[in-house]
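Number of protein chains: 2
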Amino acid sequence: MDEVASAFVPGHVTGFFTVDRDPDPTKAGSTGAGVTLTEGVTVEVEYAESSSLLLNGQPVEMGAVDRVLDALSVHATVRAETDLPVGAGFGVSGAVALGTALAANALYGSDLSENELVTVAHGAEVQAGTGLGDVVAQARGGMPIRLEPGGPHHGVLDGIPARGRVEYVSFGELDTTAVIEGDTDALDRAGEESRSLVVRKPNVEQFMYASRRFAREAGLLPDSVAEAVAAVGEAGGEAAMAMLGESVFALGRGLTEAGYDPAVCEVDVGGATLL
Amino acid sequence: MDEVASAFVPGHVTGFFTVDRDPDPTKAGSTGAGVTLTEGVTVEVEYAESSSLLLNGQPVEMGAVDRVLDALSVHATVRAETDLPVGAGFGVSGAVALGTALAANALYGSDLSENELVTVAHGAEVQAGTGLGDVVAQARGGMPIRLEPGGPHHGVLDGIPARGRVEYVSFGELDTTAVIEGDTDALDRAGEESRSLVVRKPNVEQFMYASRRFAREAGLLPDSVAEAVAAVGEAGGEAAMAMLGESVFALGRGLTEAGYDPAVCEVDVGGATLL
Chain C
6 MDEVASAFVP
16 GHVTGFFTVD
26 RDPDPTKAGS
36 TGAGVTLTEG
46 VTVEVEYAES
56 SSLLLNGQPV
66 EMGAVDRVLD
76 ALSVHATVRA
86 ETDLPVGAGF
96 GVSGAVALGT
106 ALAANALYGS
116 DLSENELVTV
126 AHGAEVQAGT
136 GLGDVVAQAR
146 GGMPIRLEPG
156 GPHHGVLDGI
166 PARGRVEYVS
176 FGELDTTAVI
186 EGDTDALDRA
196 GEESRSLVVR
206 KPNVEQFMYA
216 SRRFAREAGL
226 LPDSVAEAVA
236 AVGEAGGEAA
246 MAMLGESVFA
256 LGRGLTEAGY
266 DPAVCEVDVG
276 GATLL
Chain Z
6 MDEVASAFVP
16 GHVTGFFTVD
26 RDPDPTKAGS
36 TGAGVTLTEG
46 VTVEVEYAES
56 SSLLLNGQPV
66 EMGAVDRVLD
76 ALSVHATVRA
86 ETDLPVGAGF
96 GVSGAVALGT
106 ALAANALYGS
116 DLSENELVTV
126 AHGAEVQAGT
136 GLGDVVAQAR
146 GGMPIRLEPG
156 GPHHGVLDGI
166 PARGRVEYVS
176 FGELDTTAVI
186 EGDTDALDRA
196 GEESRSLVVR
206 KPNVEQFMYA
216 SRRFAREAGL
226 LPDSVAEAVA
236 AVGEAGGEAA
246 MAMLGESVFA
256 LGRGLTEAGY
266 DPAVCEVDVG
276 GATLL
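In order, the protein sequence lines correspond to chains C and Z.
Just so you know, we're using the numbering used here here: the first sequence kicks off at 6 and counts up by one.
Just so you know, we're using the numbering used here here: the second sequence kicks off at 6 and counts up by one.
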């Protein structure tokens with residue numbers, strides 16, 4: 006038997022969302038839409054007597070990862086590597102949780118199905134309070150629309166059939182937990198309106214428009230982000246805020262043409278996978 | 006606006022299945038499980054006054070493709086290229102139908118979602134009588150388990166979380182329409198039993214075992230296929246019959262080690278995608 010197993014999970018930026026609470030973490034989550042990224046997280050899981058997690062070589066704590074290992078009843082050394090900004094709206098915690106589930110299942114022969122592994126990682130992320138919709142989107146790939154909240158047994162996904170270049174910049178972190186555990190009435194209304202716009206017309210331009218509208222209506226737009234989104238618009242491009250970070254993403258060459266020096270990747274095609 | 010749009014759709018071999026008839030083609034389909042392949046079909050769609058289809062440069066008729074273009078209310082020249090054997094259990098007709106839906110939607114700005122495009126292609130394939138479960142599997146990628154039949158609004162999918170090398174050989178065609186429109190009682194019972202084996206233990210070895218068991222119980226095994234499957238088993242590998250073709254697939258190097266000269270690819274990760 007191999008000593009290690011590895012998985013890749015794409016990054017994910019959410020353009021708009023709702024907060025859907027439920028005592029059952031496999032039913033809780035969010036609706037909304039986003040973009041998965043070929044830039045993501047590689048997770049390597051190795052047998053160990055007690056569990057530990059290294060993110061880019063540094064020891065860190067992630068509640069979602071602890072919960073995934075507990076759910077599979079295993080101990081492991083988890084090594085996650087990523088070039089994505091951490092805590093800035095790129096779904097790194099969800100990616101580490103899902104990658105750990107996939108790789109640990111393969112290493113320990115736990116015989117869970119893909120849906121079961123996504124359920125474990127989604128529930129762990131919800132219970133840890135670090136995310137609501139990244140895991141199910143990262144499992145699918147592409148540009149996922151979350152029509153109904155929750156893990157694979159309850160949630161409903163669709164997708165915008167588009168691929169291409171994505172650019173992003175991050176100016177800093179935002180506290181996901183503080184936002185999703187606070188009063189989300191205005192946010193939920195804005196998220197529902199944006200979702201309905203994209204369901205009626207599931208194309209890229211509409212998604213970017215609905216995302217910008219959401220950031221404004223939900224009152225989540227930091228000045229730095231508003232400025233970058235406006236600059237891209239003035240340069241003839243399309244940008245929006247990555248929820249929830251002080252971060253901006255653009256399709257095509259939008260940020261470059263507005264004079265920024267963005268990271269560049271593509272819309273991810275495949276979603277999370279064993280390596 | 007571009008003059009052409011292209012999509013890639015993975016091949017798909019089914020290991021076992023049931024036939025689930027329904028007057029509504031979006032509810033009809035099959036349960037079962039299979040493997041999607043990095044070897045697949047590239048479909049290019051170009052504006053045209055009247056529709057035509059070329060498969061590897063040769064004019065052909067495919068009822069499913071006509072129906073997809075009708076559903077989108079467009080005319081197009083469709084060029085499909087593949088190295089897969091045609092009519093031999095590799096899902097070529099489903100791939101051409103789904104690739105046509107994705108590429109035509111992009112070219113003509115039809116603004117359908119991914120689920121809607123998969124629904125159109127699945128329904129077209131069912132109504133043409135050329136397949137029951139390839140399209141939804143090809144849209145997902147990986148090793149899909151079809152838990153409930155039908156398109157995305159009715160069907161339920163899961164997956165075996167495994168990746169790796171796949172080998173295949175084909176000795177000839179089998180008539181899918183004749184089998185799925187005939188008496189399928191024994192086949193359905195065998196398919197349900199195999200599905201239940203894989204749901205209980207969703208790993209690769211169990212899938213290959215359940216697939217061999219199905220081919221035998223359903224009485225579908227041609228001598229050429231039985232011989233190759235046995236030869237791979239004697240060489241210590243795992244092989245099964247590709248439904249519905251006179252074709253064999255093996256994971257890893259099974260066919261090579263049994264002395265065959267197979268085509269080689271990998272389990273596809275991403276499923277169908279625009280290029």
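Do not rely on the hints blindly, as some may be mistaken.
Just so you know, same-sequence chains aren't split out, so a pair can sit in one copy or run between any two.
[To be verified] Okay, derived cross-link-like pairs now, SDA-like style, lysine to any residue, Cα gap no bigger than 20 Å in a straight line:
id, residue 1, residue 2
1, LYS206, SER115
2, LYS206, ASP228
3, LYS32, LEU202
4, LYS32, LEU225
5, LYS32, ILE185
6, LYS206, ARG218
7, LYS206, TYR113
8, LYS206, GLY264
9, LYS206, ASP266
10, LYS206, GLN63
11, LYS32, GLU66
12, LYS206, THR47
13, LYS32, THR261
14, LYS32, GLU197
15, LYS32, GLY275
I should point out that these hints are in silico values taken from the structure, not numbers from a laboratory.
Verification of the supplied hints:
no. : hint            : in the structure
1   : LYS206 - SER115 : between (41 Å within a copy, 9 Å between copies)
2   : LYS206 - ASP228 : neither (29 Å within a copy, 52 Å between copies)
3   : LYS32 - LEU202  : neither (24 Å within a copy, 27 Å between copies)
4   : LYS32 - LEU225  : neither (25 Å within a copy, 42 Å between copies)
5   : LYS32 - ILE185  : within (16 Å within a copy, 37 Å between copies)
6   : LYS206 - ARG218 : within (15 Å within a copy, 46 Å between copies)
7   : LYS206 - TYR113 : between (44 Å within a copy, 14 Å between copies)
8   : LYS206 - GLY264 : neither (30 Å within a copy, 53 Å between copies)
9   : LYS206 - ASP266 : neither (31 Å within a copy, 48 Å between copies)
10  : LYS206 - GLN63  : neither (43 Å within a copy, 36 Å between copies)
11  : LYS32 - GLU66   : neither (25 Å within a copy, 46 Å between copies)
12  : LYS206 - THR47  : neither (34 Å within a copy, 26 Å between copies)
13  : LYS32 - THR261  : neither (40 Å within a copy, 46 Å between copies)
14  : LYS32 - GLU197  : within (18 Å within a copy, 29 Å between copies)
15  : LYS32 - GLY275  : neither (24 Å within a copy, 26 Å between copies)
Checked against the numbered hints given earlier, the structure breaks hints 2, 3, 4, 8, 9, 10, 11, 12, 13 and 15 and satisfies all the rest.
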